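Trainee: This is what each chain is made of:
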Amino acid sequence: MRVLAGRSVAVRLAASAVFWSCGILLVAGIILTTLYRQATERSFDERLLVYANDLAADLVAANETDQRAVGGLGDPRFNIPLSGWYWQVARLGTPLRDANASRSLLGNTMPALADPAPGARFGEIRKDYAAGPEDRLVRMIERDIDLGEDGRVIVRVAGPADEISAAQSRFAVALLVTFTLLGAALGLSTLFQIRFGLKPLAGLRAAVGDVRRGRADRIEGRYPGDIAPLADELNLLLDANSEILERARTQVGNLAHALKTPLSVIVNEADHSDDDLSIRVREQADIMRDQVEYYLNRARAAALAGTLGSATEVRPVLEALVRTFEKIYRDRGLAIEDVPADGLRFRGERQDLEEMVGNLVDNACKWANARVRVGAALERAGDRLVLCVTVDDDGPGVPEGRRAEAVRRGRRLDETKPGSGLGLSIVSDLAGIYGGDLSLGAAPLGGARASLRLPGDGPAGRDAAPRVAT
Amino acid sequence: MRLLLVEDDRNLNRQIAAALADAGYAVDKAFDGQEGQFLGETEPYDAVILDLGLPAIDGVSILTNWRRDGRKMPVLILTARDRWSDKVQGFDAGADDYLAKPFHMEELLARIRALLRRATGHATSELVSGSVRLDTRSGRVSVDGTPIKLTSHEYRLLSYLMHHSGRIVSRGELTEHLYDQDFDRDSNTIEVFVGRLRKKLGVELIQTVRGLGYLVEAGSPQAA
Numbered sequence: 249m250r251v252l253a254g255r256s257v258a259v260r261l262a263a264s265a266v267f268w269s270c271g272i273l274l275v276a277g278i279i280l281t282t283l284y285r286q287a288t289e290r291s292f293d294e295r296l297l298v299y300a301n302d303l304a305a306d307l308v309a310a311n312e313t314d315q316r317a318v319g320g321l322g323d324p325r326f327n328i329p330l331s332g333w334y335w336q337v338a339r340l341g342t343p344l345r346d347a348n349a350s351r352s353l354l355g356n357t358m359p360a361l362a363d364p365a366p367g368a369r370f371g372e373i374r375k376d377y378a379a380g381p382e383d384r385l386v387r388m389i390e391r392d393i394d395l396g397e398d399g400r401v402i403v404r405v406a407g408p409a410d411e412i413s414a415a416q417s418r419f420a421v422a423l424l425v426t427f428t429l430l431g432a433a434l435g436l437s438t439l440f441q442i443r444f445g446l447k448p449l450a451g452l453r454a455a456v457g458d459v460r461r462g463r464a465d466r467i468e469g470r471y472p473g474d475i476a477p478l479a480d481e482l483n484l485l486l487d488a489n490s491e492i493l494e495r496a497r498t499q500v501g502n503l504a505h506a507l508k509t510p511l512s513v514i515v516n517e518a519d520h521s522d523d524d525l526s527i528r529v530r531e532q533a534d535i536m537r538d539q540v541e542y543y544l545n546r547a548r549a550a551a552l553a554g555t556l557g558s559a560t561e562v563r564p565v566l567e568a569l570v571r572t573f574e575k576i577y578r579d580r581g582l583a584i585e586d587v588p589a590d591g592l593r594f595r596g597e598r599q600d601l602e603e604m605v606g607n608l609v610d611n612a613c614k615w616a617n618a619r620v621r622v623g624a625a626l627e628r629a630g631d632r633l634v635l636c637v638t639v640d641d642d643g644p645g646v647p648e649g650r651r652a653e654a655v656r657r658g659r660r661l662d663e664t665k666p667g668s669g670l671g672l673s674i675v676s677d678l679a680g681i682y683g684g685d686l687s688l689g690a691a692p693l694g695g696a697r698a699s700l701r702l703p704g705d706g707p708a709g710r711d712a713a714p715r716v717a718t
Numbered sequence: 038m039r040l041l042l043v044e045d046d047r048n049l050n051r052q053i054a055a056a057l058a059d060a061g062y063a064v065d066k067a068f069d070g071q072e073g074q075f076l077g078e079t080e081p082y083d084a085v086i087l088d089l090g091l092p093a094i095d096g097v098s099i100l101t102n103w104r105r106d107g108r109k110m111p112v113l114i115l116t117a118r119d120r121w122s123d124k125v126q127g128f129d130a131g132a133d134d135y136l137a138k139p140f141h142m143e144e145l146l147a148r149i150r151a152l153l154r155r156a157t158g159h160a161t162s163e164l165v166s167g168s169v170r171l172d173t174r175s176g177r178v179s180v181d182g183t184p185i186k187l188t189s190h191e192y193r194l195l196s197y198l199m200h201h202s203g204r205i206v207s208r209g210e211l212t213e214h215l216y217d218q219d220f221d222r223d224s225n226t227i228e229v230f231v232g233r234l235r236k237k238l239g240v241e242l243i244q245t246v247r248g249l250g251y252l253v254e255a256g257s258p259q260a261a
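As you go down the protein sequences, you meet chains A and B in turn.
Counting from 249, one number per residue, gives the positions in the first sequence under the working numbering.
Counting from 38, one number per residue, gives the positions in the second sequence under the working numbering.
The set of hints was computed from the structure by calculation and includes no laboratory data.
The structure displayed is predicted, hence computed values, not measured ones.
Note that beta-carbon positions come from the ideal geometry of N, C-alpha and C, so glycine has one too.
Take these hints with a grain of salt, some might be off.
Unchecked claim - Computed from the model, here is a short list of chain A residues facing chain B with C-beta under 7 Å:
| id | residue |
| --- | --- |
| 1 | Ser437 |
| 2 | Arg463 |
| 3 | Ala464 |
| 4 | Arg495 |
| 5 | Gln499 |
| 6 | Leu503 |
| 7 | Ala504 |
| 8 | His505 |
| 9 | Ser512 |
| 10 | Val513 |
| 11 | Ser521 |
| 12 | Arg537 |
| 13 | Asp538 |
| 14 | Glu567 |
| 15 | Ala568 |
| 16 | Glu602 |
Bound-form chain A, shown alone:
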């Protein structure tokens, strides 16, 4: 069974069913043919014995009159030359040619069967196959008869062996056909059993797949008693997983609050004065703020790694962000548009998509003259679906040589715009955790285009046809 290690349960079940069915059918076939041959031989022998007894009776009767009158038997096959049906009566101890025999022998003699085994009783019937005239195999019985004063005679009756083998062949063919049909029926019922029996497992696998792809939060559905505990355990595992994640997030949020509020107090105290101490405190507080920001984001990302997949509808996220940015930048009169992206899904947490796109839109709004456009589309890369989110602005853009540098950690190309300089690198880090990436390019609007490539999915379970990014 080592060959089957690692194969699917269905293959294992099918292979073992085939192995055992074939074995059982083969053994049954051998036993049935053997029994049938024995039965056929027995019944043939009984017929020969009837003839032998008939001959013996004739012999006893004829002995009192004329020995030559022996051997009518009334079966015409004993008169047809070399028909395979023969009889012969010979006196023990005399040459065979003096024996009385059927006409069908045409003067041939019948072979003697092997000498009786030592200790065999007189008159015992011996039966065996032997080579008859013209070397044709015959089935023969042989019996010694004591005629009292007239001595002892030996009676031999034979019939053609091919009658037995023909019956056996017919039986074997019938058996083969029957067993083939039986085997096929067994195979079909096994396949049906495997499919029926493994259906709950296939259902469980699909349910786990849905959870992994974020289409479901838990393993849903009813399962038979023997795999229901597995589904329950998986659900407990999922619950524990999301609980740990939630706890980690809460802790990170609490830590943020715990660190940033005192930091605000320190910064504001230092803002009151311009002496050396205050200046140094402000400098160090700024460094602390950046460090806190960076490590909090790393902690959030670490809380994310190892979580099972969830999925987020992209459109509500883009709409909420656009709504928010319209409020934040209302004094600048920016036109912020989102290109409708119905049914597109991001295979990850909503908060993370909001964080990534939020930072990109914030950046675009800081640089834009009048317009910012957010778009999303689904692309196919091999067997994976990629969600492409683009954020365009009509600002000055980023020179080609500085684009890669701009998305590195802690880089800020222009210190004149507000921000800690971590925005784009946070996006880059988060996208990296999801196996995606962030790149900068030129936007059709004239400014910069930030392109975010993330694991995506089509409308609720279906793979959407790839669309061209706007």
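Here the structure of chain A is known, so what remains is to put chain B in place on it, guided by the hints.
Mentor: Relative to chain A, chain B alone:
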């Protein structure tokens, strides 16, 4: 202008309240969610600074409750939660602005000024009525270009009237918006301040509408 500050950290609360008072605002302080929500429901504030992580009731719930009850005062959320998901949630709950900790006091003051200006329909930080100019950023007042020195209470009174120029402001409204809740309110003091202001400005800016209150005519604001 009367503001509500809801912040549970006592040090930060004290700092912000002091800075707001220095900038000429009357400030009511709340240290937990329950107290903050109650004050916001019962007192007429010109703007609110609201922390999100509060004991008793969290900031987003307070804001949602206020908006559901039809309270329309501008609200600035001041919080350590600076993820975009938090900001989206805050704005969707009805916030007008969002400032993440740690912050510089100057930025908070600028945001508050902008909120108040927007709420009263002014486009710039300089309010102008006739020959009187009031710069909300520096807190300076001038008449025909000559700086006028005002006390904190006089400045608040002028600032409120000029923010609401073009409409009659009653004495009761002035009392409610110029003093914090701990102040011993006496509407007669309003008349004293109006008298002093008229004297210092030397121009006919504040008109008395008998039985109703005071009116400052809307002037054409100029770019700051």
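Trainee: Now look at each hint and say whether the structure bears it out.
Mentor: Results for each hint:
no.	hint	result
1	Ser437	violated (56 Å)
2	Arg463	violated (22 Å)
3	Ala464	violated (22 Å)
4	Arg495	violated (16 Å)
5	Gln499	violated (13 Å)
6	Leu503	violated (9 Å)
7	Ala504	holds (5 Å)
8	His505	holds (4 Å)
9	Ser512	holds (4 Å)
10	Val513	holds (5 Å)
11	Ser521	violated (13 Å)
12	Arg537	holds (5 Å)
13	Asp538	violated (11 Å)
14	Glu567	violated (10 Å)
15	Ala568	holds (5 Å)
16	Glu602	holds (4 Å)
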